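If you read the protein sequences in the order shown, they are chains A and B. Sequential numbering from 1 applies to the first sequence in our numbering. Sequential numbering from 125 applies to the second sequence in our numbering.
Because the hints were derived from the structure by calculation, they are not lab data. Predicted model only: the values in this text are computed from it and were never measured. Among the hints, a few may not be true.
[Unchecked claim] Output of the computed footprint for chain A on chain B, the stretches with three or more beta carbons under 8 Å from beta carbons of chain A:
1. 130-143
2. 308-316
[Said to hold, decoys possible] Straight line, CA to CA, 25 Å or less: simulated SDA-like cross-link-like pairs of lysine to any residue:
3. B:Lys259 x A:Leu121
4. A:Lys63 x B:Ser251
5. B:Lys260 x A:Ala120
6. A:Lys117 x B:Ser132
7. A:Lys117 x B:Gly157
8. B:Lys303 x B:Ala515
9. A:Lys63 x B:Lys260
10. A:Lys117 x B:Met153
11. B:Lys260 x A:Ile69
12. A:Lys63 x B:Val143
13. A:Lys117 x B:Lys148
14. B:Lys147 x A:Gly119
15. B:Lys460 x B:Gly547
16. A:Lys117 x B:Leu430
17. A:Lys117 x B:Lys209
18. B:Lys210 x A:Ala120
19. B:Lys147 x A:Tyr114
20. A:Lys40 x A:Ala56
21. A:Lys118 x B:Ala311
22. A:Lys117 x B:Ala137
23. A:Lys40 x A:Gly29
24. B:Lys147 x A:Phe107
25. A:Lys118 x B:Lys259
26. A:Lys63 x B:Asn145
27. B:Lys260 x A:Asp124
28. B:Lys431 x B:Ala311
29. B:Lys209 x B:Leu552
30. A:Lys63 x B:Ile250
31. B:Lys209 x A:Tyr114
32. B:Lys210 x B:Ala462
33. B:Lys460 x B:Asn145
[Claimed, not checked] Which chain A residues face chain B? A few, computed with CB under 8 Å, are given here:
34. Pro6
35. His31
36. Leu110
37. Tyr114
38. Lys117
39. Lys118
Backbone N, C-alpha and C fix where the C-beta goes; we use that ideal spot for every residue, glycine too.
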Amino acid sequence: MATANPIDYLPIIIQFIVAIGFVIFGMIGSHLLGPKKHSKVKDDSFECGIEAQGNARLPFNVKYFLTAILFVLFDVEVIFMYPWAVNFRDNLGNGTWFWEMILFVVFLMLGFLYIIKKGALDWD
Amino acid sequence: MKAIIILSALGLATMFVGVYNFKKALLPMILLGLLAVIGINTMEWNTNIHYYNDMLYFDNWAVSFTNLILAVSILVFLLSGQYFKKNTDHLEDNYSIIIFTIIGAILMVSYSNLAMLFIGIETLSISLYILAGSKKTSLASNEASLKYFLMGSFATGFLLFGIVLLYGASGTFHLHGIKDYVIENHASLPTIFYVGILLMMVGLAFKISIVPFHFWTADVYEGSPTLITAFMATVVKIAGFAAFLRLFFTCFSSITEHFVPILCILAVLTMFLGNITAVYQNNFKRMLAFSSISHAGYMLLAIIALKESSFIAILLYTAAYSVATITAFAVLLMIKAAHQENDSIDTFNGLAKRSPFMAFTLTIAMLSLAGIPITGGFFAKYYLFANTISAGYTWLVVLAVFNSAIGVYYYFKVIIAAYFKEGSEEKLSIFPAYQLVLIITAIATLLLGILPGLITEMM
Numbered sequence: 001m002a003t004a005n006p007i008d009y010l011p012i013i014i015q016f017i018v019a020i021g022f023v024i025f026g027m028i029g030s031h032l033l034g035p036k037k038h039s040k041v042k043d044d045s046f047e048c049g050i051e052a053q054g055n056a057r058l059p060f061n062v063k064y065f066l067t068a069i070l071f072v073l074f075d076v077e078v079i080f081m082y083p084w085a086v087n088f089r090d091n092l093g094n095g096t097w098f099w100e101m102i103l104f105v106v107f108l109m110l111g112f113l114y115i116i117k118k119g120a121l122d123w124d
Numbered sequence: 125m126k127a128i129i130i131l132s133a134l135g136l137a138t139m140f141v142g143v144y145n146f147k148k149a150l151l152p153m154i155l156l157g158l159l160a161v162i163g164i165n166t167m168e169w170n171t172n173i174h175y176y177n178d179m180l181y182f183d184n185w186a187v188s189f190t191n192l193i194l195a196v197s198i199l200v201f202l203l204s205g206q207y208f209k210k211n212t213d214h215l216e217d218n219y220s221i222i223i224f225t226i227i228g229a230i231l232m233v234s235y236s237n238l239a240m241l242f243i244g245i246e247t248l249s250i251s252l253y254i255l256a257g258s259k260k261t262s263l264a265s266n267e268a269s270l271k272y273f274l275m276g277s278f279a280t281g282f283l284l285f286g287i288v289l290l291y292g293a294s295g296t297f298h299l300h301g302i303k304d305y306v307i308e309n310h311a312s313l314p315t316i317f318y319v320g321i322l323l324m325m326v327g328l329a330f331k332i333s334i335v336p337f338h339f340w341t342a343d344v345y346e347g348s349p350t351l352i353t354a355f356m357a358t359v360v361k362i363a364g365f366a367a368f369l370r371l372f373f374t375c376f377s378s379i380t381e382h383f384v385p386i387l388c389i390l391a392v393l394t395m396f397l398g399n400i401t402a403v404y405q406n407n408f409k410r411m412l413a414f415s416s417i418s419h420a421g422y423m424l425l426a427i428i429a430l431k432e433s434s435f436i437a438i439l440l441y442t443a444a445y446s447v448a449t450i451t452a453f454a455v456l457l458m459i460k461a462a463h464q465e466n467d468s469i470d471t472f473n474g475l476a477k478r479s480p481f482m483a484f485t486l487t488i489a490m491l492s493l494a495g496i497p498i499t500g501g502f503f504a505k506y507y508l509f510a511n512t513i514s515a516g517y518t519w520l521v522v523l524a525v526f527n528s529a530i531g532v533y534y535y536f537k538v539i540i541a542a543y544f545k546e547g548s549e550e551k552l553s554i555f556p557a558y559q560l561v562l563i564i565t566a567i568a569t570l571l572l573g574i575l576p577g578l579i580t581e582m583m
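Model the full structure from these sequences, guided by the hints.
Printed below as a string of structure tokens:
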């Protein structure tokens, strides 16, 4: 195969420069171009038109984090099913194609069973 | 390979046996499972199979390192029964994470593709970050976990950069592909390839705590639960060195002139810093941490020699070192179980009167670590040094022998504390499981010293 030289990676550096440049350009540009009218309402943080209440740095119940992590975990697992489903028809001849996903789902089920048994989903 | 599949099933089974409240069955099940895995793994001897498009390659080295890891893990599990007796809340989680750590270690000794090396190291490390913090209420344990995690993530970054650069230059992740690439382009390797080797070296050196990537070791060893420290000090070292040697021996053995000078400097620094710092430690766990750093320095000599026999040297050395280290931790755990004392070396004062058996096994372990004849440590050191001399690095061996002499000082400090210092007179009773572990390790240490041919002839 052809030897790769450091110069071949120049496009990556250029992409970095473009990415960083866009951020810097955007921040400086909006600062220079934007109107500068201050008032109490305008300086308020935007919260869908509803008046902001209290401080954002509140301690949350740790159960929210647990639920969020478990959601991400099981949500991400589904990503594996999309390419499998899309290619399903083409691979019908492949004997293990179907059972591989069954095995995967069984493992997923085991994980689900485990968190239920551990009481991770009990709110109280 | 079958070992990995069975261990994964065993880990899952452990989790479920735990949540369905058969906690009494956990330990026997795991011990039987590990013994079965050793048997099944041994059947792969001389088969040399490439699995999954050459992702894993189980040659005899992989099989023997896997067996060593499993044997050491069995010893750790034997100690765990009493250790977790008081607190069984998350017993099954601790156990299953230890089993998953073992899977990571096995991947590290059997990989044949850099992606598998990465997966192995991450499986091992992430499990260990959790285990290091498994004593949730202890501040030191939390600190150890966080420190290990932050530093380990950096090291992983280096390792990944290294893998990427090697891939960028050679266009393959397979060890044999990289080897062919090096041989073909021997004269005109691009700069990024050398930088890649260097970064891989940094990433791996962190895992085996080579100076100057050792700063995490003492704090993490001290803060982690003692049982986990025993596991970390042995299994991680075995897997780390096997991985290091496998990569460098397979891929880079024809361009040694480019990285061996760096390894020589690292080895000298590691030996001196490890030994000299260990002399000044009063905490036994910290002393063992620095002693593990100095042993990493000696073992680096095998990678510098970079020959087929380096594998035997590493196998013998890690075996002798692990067995002796497990003994030391077992005795420490036993004393702590009786007294709740601190980890200071003074806890060993008067041990010979309190329990002659434990003092005797501890002495054998310390002699082995110091490298005194008829123990395994002596022969392992002899083989390692002879191997290095025959590769032409006599000056390194001279420095290593000098360092072993420093080592004798602090290992004998423990023996002197046990035999000649006055301590509490109260007799120590010993748990049967601990007695079993101490008998096994003492016999193994002596056997490795008297009949090392059992291992060297086999290869």
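Structure-based check of all given hints:
1. 130-143: Contact hint for the stretch 130-143 of chain B vs chain A: holds, 4 residues under 8 Å.
2. 308-316: With 5 residues closer than 8 Å to chain A, the stretch 308-316 of chain B meets the three-residue bar; holds.
3. B:Lys259 x A:Leu121: holds, 24 Å
4. A:Lys63 x B:Ser251: Roughly 22 Å between the alpha carbons, so the hint for Lys63 of chain A and Ser251 of chain B holds.
5. B:Lys260 x A:Ala120: The given pair, whose Cα atoms are some 18 Å apart, holds under the 25 Å limit.
6. A:Lys117 x B:Ser132: holds, 20 Å
7. A:Lys117 x B:Gly157: It holds: about 24 Å lies between the C-alpha atoms, which stays within 25 Å.
8. B:Lys303 x B:Ala515: holds, 21 Å
9. A:Lys63 x B:Lys260: holds, 17 Å
10. A:Lys117 x B:Met153: holds, 20 Å
11. B:Lys260 x A:Ile69: holds, 20 Å
12. A:Lys63 x B:Val143: Cα-Cα ~20 Å, so holds.
13. A:Lys117 x B:Lys148: holds, 18 Å
14. B:Lys147 x A:Gly119: holds, 17 Å
15. B:Lys460 x B:Gly547: holds, 14 Å
16. A:Lys117 x B:Leu430: violated, 51 Å
17. A:Lys117 x B:Lys209: holds, 22 Å
18. B:Lys210 x A:Ala120: Holds: Lys210 of chain B and Ala120 of chain A sit about 24 Å apart, inside 25 Å.
19. B:Lys147 x A:Tyr114: holds, 15 Å
20. A:Lys40 x A:Ala56: holds, 19 Å
21. A:Lys118 x B:Ala311: Answer violated: Lys118 of chain A to Ala311 of chain B is near 59 Å, above 25 Å.
22. A:Lys117 x B:Ala137: holds, 14 Å
23. A:Lys40 x A:Gly29: Roughly 24 Å separates the two Cα atoms, so the pair holds.
24. B:Lys147 x A:Phe107: holds, 22 Å
25. A:Lys118 x B:Lys259: OK: Lys118 of chain A and Lys259 of chain B at ~19 Å, within 25 Å.
26. A:Lys63 x B:Asn145: holds, 24 Å
27. B:Lys260 x A:Asp124: Between Lys260 of chain B and Asp124 of chain A the Cα gap is close to 22 Å, so the pair holds against 25 Å.
28. B:Lys431 x B:Ala311: holds, 22 Å
29. B:Lys209 x B:Leu552: holds, 19 Å
30. A:Lys63 x B:Ile250: holds, 23 Å
31. B:Lys209 x A:Tyr114: Satisfied, since the Cα-Cα distance of roughly 23 Å is no more than 25 Å.
32. B:Lys210 x B:Ala462: The hint holds at about 13 Å.
33. B:Lys460 x B:Asn145: violated, 29 Å
34. Pro6: holds, 6 Å
35. His31: For His31 of chain A, the interface hint is violated, since the closest Cβ of chain B sits about 34 Å away, which is over 8 Å.
36. Leu110: Cβ of Leu110 of chain A sits 6 Å from chain B, so the hint holds.
37. Tyr114: holds, 6 Å
38. Lys117: holds, 4 Å
39. Lys118: holds, 6 Å
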